[in-house]
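**Student:** What follows is the residue order along each chain.
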Amino acid sequence: MENMVNYNPSFAEEVFRDVDSGDEIKMCMNCGVCAGSCPLREHMDYPPRQIFGLIRAGKREAVLSSKAIMLCTSCYTCVVKCPRDIPVMDVMHGLAHYALKQGYVPRKDTANFGKEFWNQVYKLGRIDEKDLPRRVFFAGGFVEGIKAMLNFMDIGLKLMLHRRMKLLPERKIKGVKLLQKMLDKAEGLGKGGIAA
Amino acid sequence: MADVQTTNQSILVVGGGMSGITAALEAAEAGYEVVLVEKNPYLGGRVTQLYQYFPKLCPPNCGLEINFRRMRQNPKVRFFTMAEVAGISGQEGDYDVTVKLSPRYVNEKCTCCGKCTEVCEVEIDNPFNYGMDKIKAAYLPHEFAFPMRYVLDPSIAGTDEGKKCLDVCEYGAIDLEMEETSFDLKVGAIVWAAGWDPFDAAKVDYYGFGEYKNVITNVMMERMAAPSGPTEGKILRPSDKKEPKNIAFIQCAGSRDENYLPYCSGICCLASLKHTTYVRELYPDCDVTIFFIDIRALDRLEDFYTKVQEDEKVVFIKSKIANITEDEETGGLLLEGENTRTGEQILMNFDMVVLATGMVPNKIEIDAAPDVSYDEYGFLINDPEKTGIYGAGCVRRPTDVASSVQDATAGALKAIQSIARR
Ligand SMILES: Cc1cc2nc3c(=O)[nH]c(=O)nc-3n(C[C@H](O)[C@H](O)[C@H](O)COP(=O)(O)OP(=O)(O)OC[C@H]3O[C@@H](n4cnc5c(N)ncnc54)[C@H](O)[C@@H]3O)c2cc1C
Ligand code: SF4
Ligand code: SF4
Ligand code: SF4
Ligand code: SF4
Chain A
1 MENMVNYNPS FAEEVFRDVD SGDEIKMCMN CGVCAGSCPL REHMDYPPRQ
51 IFGLIRAGKR EAVLSSKAIM LCTSCYTCVV KCPRDIPVMD VMHGLAHYAL
101 KQGYVPRKDT ANFGKEFWNQ VYKLGRIDEK DLPRRVFFAG GFVEGIKAML
151 NFMDIGLKLM LHRRMKLLPE RKIKGVKLLQ KMLDKAEGLG KGGIAA
Chain B
1 MADVQTTNQS ILVVGGGMSG ITAALEAAEA GYEVVLVEKN PYLGGRVTQL
51 YQYFPKLCPP NCGLEINFRR MRQNPKVRFF TMAEVAGISG QEGDYDVTVK
101 LSPRYVNEKC TCCGKCTEVC EVEIDNPFNY GMDKIKAAYL PHEFAFPMRY
151 VLDPSIAGTD EGKKCLDVCE YGAIDLEMEE TSFDLKVGAI VWAAGWDPFD
201 AAKVDYYGFG EYKNVITNVM MERMAAPSGP TEGKILRPSD KKEPKNIAFI
251 QCAGSRDENY LPYCSGICCL ASLKHTTYVR ELYPDCDVTI FFIDIRALDR
301 LEDFYTKVQE DEKVVFIKSK IANITEDEET GGLLLEGENT RTGEQILMNF
351 DMVVLATGMV PNKIEIDAAP DVSYDEYGFL INDPEKTGIY GAGCVRRPTD
401 VASSVQDATA GALKAIQSIA RR
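If you read the sequences in order, they're chains A and B. The numbering used here numbers the first residue of the first sequence as 1 and each following residue consecutively. The numbering used here numbers the first residue of the second sequence as 1 and each following residue consecutively.
Hints listed in this document are in silico derivations from the structure and should not be mistaken for laboratory results. Take these hints with a grain of salt, some might be off.
What the hints assert, rightly or not - Quick look at which bits of chain B chain A covers, simulated, 3 or more residues with Cβ under 8 Å:
1. 250 to 262
2. 341 to 350
3. 363 to 372
As the list claims (entries may be wrong) - Cβ-to-Cβ under 8 Å is the rule here; a few derived chain A residues that face chain B:
4. S21
5. G32
6. V33
Computed from a prediction, not measured in an experiment: that's the story for all the values here. Every residue gets a Cβ at the ideal spot worked out from N, C-alpha and C, and that includes glycine.
Make a model of the complete structure from these sequences and hints.
**Tutor:** Right, dumping it as structure tokens:
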């Protein structure tokens, strides 16, 4: 992430105005919890906090063409943990949707990645980090990918509500409380939160 | 039964911490009759559990001792320990109060000879050390306790163990027949100075407090560093009692967080800086890392921050830690987060983690008590529309001792005004 930037509010204003849930990031205090706990952070070019930082810095191109906003798989970790109660995931989805509307086309591997992520969660109840990249290159076109992703999300949510799915990859969830909280929030937000 | 004669010219102070003691003494020294009610078996509040005071790093006992002396010399202050307020009714200038006294089973004849402790074989969790060690069920709450008098835990009062204590006491100080009693007071104004409780760190489950042995809280650190504490002043990993080689402090653990305490507790940054000096003094080779959102050291306290920054064994990393995982074999702790200055991912191992937790105010929880106002976080507001009951110290805002003392002086003045208005 670039640290020395000239402050340019125009893109931030655009995001606050035109992106679904975009104005929520005004509350961000730059703590890094979302970026430190996102299970996909290693695959993202910019984890959520950095995306928000780039928005404030006016880096329109970097944000709208970023892999990160397309990669978010709605796992809710950031939503549950954000100390400022920001629906980080919704903002990521809002940005993805906005980027598509603005004609930014995500790289094929990104969309496939999302699909494969959910595939694995569905089948294995967890993510196999080694197997994932290999499989990403199989799947079909982009629109299919997004559709499939949304479908899988529905299944994922249902599974979550039935508490059969272990959500955080390869790491045990400490106590059921966090999971319960996630489920409560998931239930509250419903699918409305997902379909950007 | 207590023989307390009070009138609507008297003032009730609830809570015998630094705030309550100050309010009581200020009002008494201005000529008013004061009754102070404290629920612990001793006065002094949370401050008695601190090892040293920032920023001067002096032991808290000196300050407390001066106040206890003022108290002993002033007949206008009556105080009761193991006492709580059970009921308040009436209005400004004319309150009826019921005070409930829990049995101590030890009377004023106690010379602190310690014989009852010697014979007693039952142990209880030591509340003074936040349950980190055990004490005998016949005990002195702590070495500087005021009043200096033993206590018998209710669990042994009716047992053979209690009988053993009774038999060994040569001074007739033990009375196993003591029961809960209560008495009524008339007062013109009330100062609520019930202080704070430490935030329950187990609520932030991704930090694993309560599950991971080597994750402790800042209040526990104070006890560990104190020579009278559970480890006799050595800071040791709870899991294997080894000296830690590297310690992490996690600031805002549950604070400034809409999911837990949305407010800043104001003192926990300073507390961690102070704890860093405890660690560094004890272990010249131990590394300390402080993870923070931003360090809040206001006014002259910034000098203390600057001083700690100069220590090259102390590293400050701007990040709110997002997860802790324990290595079950070694008891080591893996911290994850994002360094928000560089954007790099943090994956760092530590021997021990201290959670810098905040303060939760003790509200007035008495059935049918007169209405008072609180802010959105539960801190008492001295509402000009609802005069007569005033908050003082940490019940009004999370703060340090110096500010609590100032606030308590203001609280005493308000209480006096309530009486003068009548
Ligand atoms: C880790 C840590 C380190 C700190 N270090 C420092 C430091 O170095 N320097 C500094 O200036 N400040 C420090 N502080 C802050 C300091 O502890 C507070 O400023 C101080 O305790 C405030 O005093 P108080 O009288 O308002 O509250 P308390 O100390 O909490 O006293 C309140 C009293 O009221 C009693 N009580 C509660 N409820 C009732 C009831 N219902 N009826 C009767 N009695 C009741 C309690 O038993 C207690 O004795 C630290 C805080 C923390 C968390
Ligand atoms: S967790 Fe919330 S407040 Fe913290 S950086 Fe992420 S969005 Fe901002
Ligand atoms: S919801 Fe999206 S951004 Fe948030 S933690 Fe999960 S994958 Fe990351
Ligand atoms: S209660 Fe009796 S035995 Fe126990 S310390 Fe006091 S005087 Fe000694
Ligand atoms: S004083 Fe420091 S650690 Fe405590 S809540 Fe405020 S910023 Fe966080």
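**Student:** A separate judgement is required for each hint: does it hold in the structure or not?
**Tutor:** Now for the hints, and whether the structure bears them out:
1. For the stretch 250 to 262 of chain B, the stated coverage by chain A holds: 5 residues have a C-beta nearer than 8 Å to a C-beta of that chain, and at least 3 were required.
2. Restraint check on the stretch 341 to 350 of chain B versus chain A: 5 residues with Cβ-Cβ distances below 8 Å, three needed, restraint holds.
3. Taking a C-beta to C-beta cut-off of 8 Å, the stretch 363 to 372 of chain B contributes 0 residues in contact with chain A, too few for the three needed, and the coverage statement is violated.
4. A hinted interface residue such as S21 of chain A counts as satisfied when its beta carbon comes closer than 8 Å to some beta carbon of chain B; here the least separation is about 16 Å, so the hint is violated.
5. For G32 of chain A, the suggested interface contact is upheld, since its CB lies about 4 Å from the closest CB of chain B, less than 8 Å.
6. A distance limit of 8 Å between C-beta atoms decides the matter here; for V33 of chain A the minimum to chain B is near 5 Å, and the interface restraint holds.
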